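Participant: Build out the structure end to end from the sequences listed, making use of the hints.
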Amino acid sequence: MGFLTFLLKRLLGLVPTFFGITLISFFVMHLAPGEPMSLQADFNPKMTPEMRQRLRAQYGLDKPLYVQYAKWVKGLLHLDLGRSFSPDRRKVWDKIKERLPVTILINVLSMVLILVVAIPLGVRAAVKQNSLFDQVTTVLVFLAYAAPAFWVALLLMLFFGIELNILPVSGLHSLMGYEQMSFWQKVLDWARHLVLPVFVSAIGGLAGFSRYTRSSMLEVLRQDYVTTARAKGLPERVVIYRHALRNALLPLITILGLSIPGLIGGSVIFESIFAIPGVGQLMWSAVMARDYPVLMGNLVIVAVLTLLGNLLADIGYAAVDPRIRTGLQTEE
Amino acid sequence: MSERVFRSGRRFLQLFILLSGLVVWSLCQCPNGWAAGQEKPAYGDAIVVGSIGDASNLIPMLATDATSHEIAGLIYNGLVKYDKDLNLVGDLAESWEIKQGGKEIIFHLKRGVKWQDGVPFTSKDVLFGFKTIIDPKTPTAYAGDFLEVERADAPDPYTFRVVYKEPFAPALSSWGDIVVLPEHLLKGKDITKSPLARHPVGLGPYKFRLWKTQERIELDANPDYFDGRPYLDRYIMRIIPDPATMFMELKAGGLDWMGLSPIQYKRQTDTPFFKKNFKKYKYLSFSYTYLGYNLRHPFFKDKRVRQAISYAIDKKEIIRGVLLGLGVVATGPYKPDAWFYNPNVKRYPYDPEKAKSLLASCGWKDTDGDGILDKDGRRFSFTVLTNQGNSLRDKTAQIIQYRLKQIGIEMKIRQLEWTAFINDFIDKRRFEAVILGWTLGQDPDIYDIWHSSKTGPKQLNFIGYKNKEVDRLLVLGRRTFDKEKRKEIYFKIQEILAEDQPYTFLYVPMALPIIHARFHGIHPAPAGISYNFIRWWVPKNEQKYILP
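If you read the sequences in order, they're chains S and H.
Using this note's numbering, you'd call the opening residue of the first sequence number 1 and step up by one each time.
Using this note's numbering, you'd call the opening residue of the second sequence number 1 and step up by one each time.
In case anyone wonders, no lab produced these hints; they're calculated from the structure.
Being a predicted model, the structure only gives us computed values, none of them experimental.
Note that the Cβ used here is the ideal one computed from N, Cα and C, for glycine as well.
There may be inaccurate statements among the hints.
Stated by the list, open to error - So these bits of chain S aren't anywhere near chain H, every CB distance computed over 10 Å:
#1 Val73
#2 Arg89
#3 Leu109
#4 Leu140
#5 Phe142
#6 Ala146
#7 Ala147
#8 Pro251
#9 Arg290
#10 Leu299
Unchecked claim - Here are a few chain S residues that sit away from chain H, every Cβ distance over 12 Å (derived from the structure):
#11 Leu4
#12 Phe6
#13 Lys9
#14 Ser86
#15 Leu105
#16 Ala153
#17 Ser215
#18 Val302
#19 Thr306
#20 Gly309
#21 Leu312
What the hints assert, rightly or not - Residues from chain H shown here face chain S by an in silico Cβ test under 10 Å; the list is partial:
#22 Thr64
#23 Ser68
#24 Pro139
#25 Ala143
#26 Tyr164
#27 Phe168
#28 Ala197
#29 His199
#30 Glu215
#31 Ile240
#32 Ala252
#33 Ile422
#34 Asn423
#35 Pro457
#36 Lys544
Facilitator: The structure is reproduced here in structure tokens:
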């Protein structure tokens, strides 16, 4: 019961936060110079002033800002994100929806890759603190972190795509003959195309996660219960992976919760480089074109996911860590 | 970084798309020889074209971006089009008559032409397109030319008549592919929500096949095309936002056709691999870059100052440094191979001494010995604005900065994001000088950029140029249909602009397409290379993509 009220309270608390986010974003967005017609109309000799006014009226930009915001909120309550201001005038949700799957796929794969590589790396670095291995991995992950993604991507393309000619340079699947492929051939085709983008989007994240695991692990290894476990005569492997690692991973739950919005965020850099039609590119062009409805639509999704991610992290933390759970109960 | 890529990307895209320039010569050694032209053209194969940006809307009047028009140009047709020598010829129109001293145009349409869904094309489709484009509810950027129309009607299915309020010379060319729409699919519907935006139905050589947003657009040959079926079975446009990736795709065999940057053209494609597999072309693009002065500013009111700056800038040096020689000096607002280009206007060769003496004659002298000229206690120091991310303009600015320093003028460079640049600086006239470029049309009319009535907010004569004689000639040029008389008028305008130097005209860059060597039938002409795209073909034994 106590947990349910806690949940309900937290959920209710999210509502004003959510509208606060949209309100501030809406007004800040309009502070940026220029208007949605800019790209179509600026410096276009064929564009007459009347046409410009007409377009403004069609987009509702001739109304005061608060009216525009109210209209937008009204649409949102009906789950209608409106129509894009770009010449295609498509529904915002349609534009985002068609790009979500590939963005989520790549981000989930890259998150899995990060976890699979970073956790063992961090653990080993912590166990062998200050060893050669620790120092080498530190240098390597920071190099990976510091290297510009676009540069790494281009090098990899050049090497695997052109020199060795074993991987495609860009795109999501083969240009010709894709429709005739069997299911497994299609999977293989996708996999070949996704190797480089997933790798490139993961290498930046490796540094953070492995460092985090390392420091958290170091913390835990100093705890009394680890000494106890060792004193009991348990094998070192069991001490580290069963007793220490489990506790060391607790803070990672928070980080994972916070990464949820990132899963749909996409990245304009690797999406542009690998010519992947993801959310990142949509957002980028929406910012450049001042396509307010698309920006707001994407923002709504990111805001909801951020808030939910936070909430889930809190809940997940409570769920796995008895100390927090009991602490919660004794407080009440 | 990304901003840079984005902007310069758009630039190259423009160069690449505006294929209507003049091919000066082809550099290729043509391994298969032009003898190939004697072979019988074969049907089949596909061409894969790289584009930096995705299309936005495939109803031409609703789109303003180059990619949309590139695709729509293969799907739709107009009443008239420009031929390979940039003459207006009939497309859907068999012929036309100009009456009432240019006020009335009567088009006689071709018979037996069908929309790609099988419905016959008639003059009603043209009338419908016209009514749609002038409809205030249609969000189009192209209504301007059509608002000059007094009335239009379709007396019979193969005749379309339009009457203008006054003779309007650019009118004829406006009846291109932007204004012909399938009435049977659009009548009574909201054009902004029409499925045609993503699944167009046209009259042209290619039919729409599929469009995956931000990924690719595919078109299939239209076997019933009224001007003969195209040889290439399929046209595929791949959207690759990053120019470096696009170049690698070209190398990896994933692309057949893209626009190169000067460095790619000169250095990176100068390898045996490219010479064997590709052909490169170059021709002057329909655009120019300029240094424009705010003529309201006290520094630049005097034309001698502007002339002095023009003398102080070595334009050939800019072309060598920025374009690697792949461009020519601009002397006015037209490219040198246009029929209305005047080659005999006043030129401003690099001459720093002349620049200095001109400045001295206006009272600009270095009295305090700090190396910068001054007059009435004011130093000759100004800021030039340019848009962020266009590396060509950035480098141009730096070279100019260096040269002006030598004659005692301090020029600072400031780069701004495009929208902010236009809205906060250009529109509010808060600038001293700018480096920008104009894209040119095939018609010499430049009323919107130079007429003194166009200096208002959001209008294009933002530098505030006012010259009564130019005003008169610009109006006259719009009213005159005779080609020779128009030529004289625009020759005179160029002379005045060259004398006044409201801009220092810098350079006309070249378009630099590269195309896979298996394609035959590409014959460079003043209009560029794509004018006969439907006649390009690949010999059977060289075809790469076998379509089912």
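Participant: With reference to the structure, classify each hint as holding or not holding.
Facilitator: Evaluation of the provided hints:
1. Val73: holds (23 Å)
2. Arg89: violated (5 Å)
3. Leu109: At about 19 Å from chain H, Leu109 of chain S clears the 10 Å cut-off, so the statement holds.
4. Leu140: holds (24 Å)
5. Phe142: holds (21 Å)
6. Ala146: It holds; Ala146 of chain S is separated from chain H by about 15 Å at its closest Cβ, greater than 10 Å.
7. Ala147: Non-interface label stands for Ala147 of chain S: nearest chain H Cβ at 13 Å, farther than 10 Å.
8. Pro251: holds (33 Å)
9. Arg290: The claim breaks: Arg290 of chain S does not keep its Cβ more than 10 Å from every Cβ of chain H (closest is about 7 Å).
10. Leu299: Fine: 19 Å to the nearest Cβ keeps Leu299 of chain S off the interface.
11. Leu4: Holds, since 43 Å exceeds 12 Å.
12. Phe6: At about 43 Å from chain H, Phe6 of chain S clears the 12 Å cut-off, so the statement holds.
13. Lys9: Consistent with the label, Lys9 of chain S stays out of reach of chain H, its closest Cβ about 41 Å off (over 12 Å).
14. Ser86: violated (6 Å)
15. Leu105: The claim holds: Leu105 of chain S sits with its nearest Cβ about 14 Å from chain H, beyond 12 Å.
16. Ala153: violated (8 Å)
17. Ser215: Holds, because the least Cβ-Cβ distance between Ser215 of chain S and chain H comes to about 31 Å, which exceeds 12 Å.
18. Val302: Val302 of chain S is indeed farther than 12 Å from all Cβ atoms of chain H, at 19 Å.
19. Thr306: Nearest chain H Cβ is 23 Å from Thr306 of chain S, so the label holds.
20. Gly309: Per Cβ check, Gly309 of chain S is outside 12 Å of chain H; nearest 26 Å; holds.
21. Leu312: holds (31 Å)
22. Thr64: holds (4 Å)
23. Ser68: holds (7 Å)
24. Pro139: holds (6 Å)
25. Ala143: holds (6 Å)
26. Tyr164: violated (16 Å)
27. Phe168: violated (14 Å)
28. Ala197: holds (6 Å)
29. His199: With a minimum Cβ separation of about 12 Å from chain S (threshold 10 Å), the hint on His199 of chain H is violated.
30. Glu215: OK, holds: Glu215 of chain H within 10 Å of chain S, min 5 Å.
31. Ile240: Status holds, d = 4 Å.
32. Ala252: holds (5 Å)
33. Ile422: For Ile422 of chain H, the interface hint holds, since the closest Cβ of chain S sits about 5 Å away, which is under 10 Å.
34. Asn423: Nearest chain S Cβ about 4 Å off; hint holds.
35. Pro457: holds (8 Å)
36. Lys544: This hint holds: Lys544 of chain H lies near chain S, its Cβ roughly 9 Å from the closest one there, short of 10 Å.
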